[in-house]
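Given only the sequences and the hints, what does the whole structure look like? Please build it.
According to numbering that gives the first Met the number 0, the sequence shown holds residues 0 to 726 in order.
Be aware that a few hints might be false.
The following label-pair restraints were derived from C-beta to C-beta distances [stated by the list, open to error]:
| no. | residue 1 | residue 2 | range |
| --- | --- | --- | --- |
| 1 | 512 | 705 | 37 to 47 Å |
| 2 | 601 | 547 | 55 to 65 Å |
| 3 | 429 | 214 | 24 to 34 Å |
| 4 | 412 | 723 | 22 to 32 Å |
With a cut-off of at most 27 Å between alpha-carbon atoms, the simulated DSSO-like pairs for lysine-lysine come out as follows [unchecked claim]:
| no. | residue 1 | residue 2 |
| --- | --- | --- |
| 5 | 550 | 507 |
| 6 | 351 | 213 |
| 7 | 273 | 434 |
| 8 | 434 | 505 |
| 9 | 517 | 507 |
| 10 | 429 | 470 |
| 11 | 505 | 470 |
| 12 | 470 | 507 |
| 13 | 127 | 375 |
| 14 | 550 | 470 |
| 15 | 550 | 517 |
| 16 | 360 | 213 |
| 17 | 429 | 127 |
| 18 | 273 | 351 |
| 19 | 429 | 213 |
| 20 | 127 | 351 |
| 21 | 517 | 434 |
| 22 | 127 | 273 |
| 23 | 434 | 213 |
| 24 | 517 | 505 |
| 25 | 375 | 351 |
| 26 | 517 | 429 |
| 27 | 273 | 360 |
| 28 | 360 | 375 |
| 29 | 507 | 127 |
By construction, these hints were calculated from the structure, which means they are not laboratory data. Note that CB positions come from ideal geometry on N, CA and C, so glycine has one too.
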Amino acid sequence: MEEAYKDRTSLVKGAKDIAKEVKRQAVKKVNKAVDKAQDGYTQRSYSRFQDEEDDDDYYVQGGTYGVEVNDDEGSSEATEGHDEDDEIYEGEYQGIPNMGQGKDGMVALGQPVRDEYKDRHELETERKADEEELAQQYELIIQECGHGRFQWALFFVLGMALMADGVEVFVVGFVLPSAETDMCIPNSGSGWLGDIVYLGMMVGAFFWGGLADKVGRRQSLLICMSVNGFFAFLSSFVQGYGFFLFCRLFSGFGIGGAVPTVFSYFSEVLAREKRGEHLSWLCMFWMIGGIYASAMAWAIIPHYGWSFSMGSAYQFHSWRVFVIVCALPCVSSVVALTFMPESPRFLLEVGKHDEAWMILKQIHDTNMRARGQPEKVFTVNRIKTPKQIDELIEIESDTGTWYRRCFVRIRTELYGIWLTFMRCFNYPVKDNTIKLTAVWFTLSFGYYGLSVWFPDVIKHLQSDEYASRVKHFRNEEVSHFVFNFTLENQIHSNGEYINDRFIMMKFKSVTFEDSLFKNCVFEDITSLNTYFRNCTFMNTTFYNTDLEQYKFVDSELINCTFFHVRTGCQISFDDDYSAYWIYFVNFLGTLAVLPGNIVSALLMDRIGRLTMLGGSMVLSGISCFFLWFGTSESMMIGMLCLYNGLTISAWNSLDVITVELYPTDRRATGFGFLNALCKAAAVLGNLIFGSLVGITKAIPILLASTVLVCGGLVGLRLPDTRTQVLM
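Here's what the structure looks like:
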């Protein structure tokens, strides 16, 4: 009996030793697989990804270790003592249980540890390994899908959205003078329109970029473009300046999400060797948007006849028609986006394998049919999806009110966006985010500081020239004369006008000082920048004029009568050379971007992103510095065209680098943050440069030159992404 007991004890001990060895081998194989996932992905062939599930030799379905098991050994001496009901004696080895057999928190031996038994660090490590493997596999899949009809269709759809962003930037400067005049806005409030649009774009870039990483690129882009189109269209009909600012604020908020979402979306359907070139071609639509806005402003706004009114309360002038026309690219992009699928790279990132596979198959089949190879089969069976880490989110119960549930949902989404944004400052992207922040800020400050407010420089030069040609008339004595022609850019001092008639006249930039008007008649008068200073009117009649009280400065009116006075601000572009000139200058400046776009697209993958970024910013800074020596309008315009042509290469390369430096789960968020910073720098540049435009041009030009050169040097310190796959 004692000998039998010893034999049984040794058997139990042997079984325990076997179990320990099995566990040790399983852990060893798991660690070996993780090491391979981290270090050997670039060396694997495509077939390895197809057969990945079949090659896992440390885990098979059913929960048994991946070695051949002999059924006879299952009832060996290790289980001796079982009765017919398979009862097991206490203390005997019970084999390797299934995944569901562990109890009281115990993990089955030889099995992969279930997610609920792992801490967050372990889950994130596994997810990182999965993401690295997915990046390599996805690149191979995109190469198999090819570059063809699908990418070109998406190219034009997303290009319309990017074109709408370019239009939104330029429409502010073009509408600003007309809207301020039409709505009687004083000079003190004139800068609010430009700043309010950039403020909306700044908030929108951050919000929509973060939302694109939460709900998808296509859905986020659809919503933001719809918001832009609706409020842009509404702003063309509102009459009050406050409501107009409100509409343009939300219009800017909507369009702010276009740039980060468009570049993230398009980059995820491009192979590595095509990405730099085709993202640069996509940037050309921003230039097309600027050309479109300039051409439409040139063709529509100066035509004052394109207007109608409904009484004195509702006025619809030509600049409102221009605003409607500028909303067309946005509407077109929204309609076209409804026919495009979601980014498959995003769907894989959030664990939607089947949806991503169907879209990739659609891309493959679309391109193969366009090539005349419809028989070619999509060979991918399974794609690696990163491990999904559940977030613990507090949600209101079903008994809560609907608005309370909506509030909690919005708060949860905003908090998720904030968490994703904070991850942009975690290792290993922290250093890249800081460097990109410096480059985006300096480039935006220099570019927008000079370009957006450049019409003010032209206007200032023209006003100086206009003032130098003013005509002075002193001590005039005119009686019984009929004035029925236009007076422009004149100053009349110490004059006497007796029994004169001013009929169907236009006063443009005319000032009367210390003059006497006696027994005169003013009939059908239109005036612009016309004032009567310290004048005396006696027995004078005003009929159907726009000469309101504020135009009589320190003047005395004795026994005078007014009939049918036209109130409100009057817009007149008849023979307005300055309006045409500003639109034409912006048209030339935008058209000058075309050569830079072509060069950057052709050389992006040849000389590298960093060389193009740093070289373009340094050269732009030098060309900007030479604007200091511009002494004429033509010379300033030529320098502006050169500056824009050089700067566009920096913008294109910066867009490509930003997309490639961020992983998929925070790509749009990081891009949105940097684009929001871009708009903040633009507002700051406008404020600084605009305040100095009438004082000196040396300081803002020298400042822009300095920041561009410094930003270019920082950009050269970024990592080269030309040979990297999208992580």
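Structure versus earlier hints, numbers of those that do not hold, lowest first: Going through the list in order, the structure violates hints 8, 10, 13, 21, 26 and 29 and respects the others.
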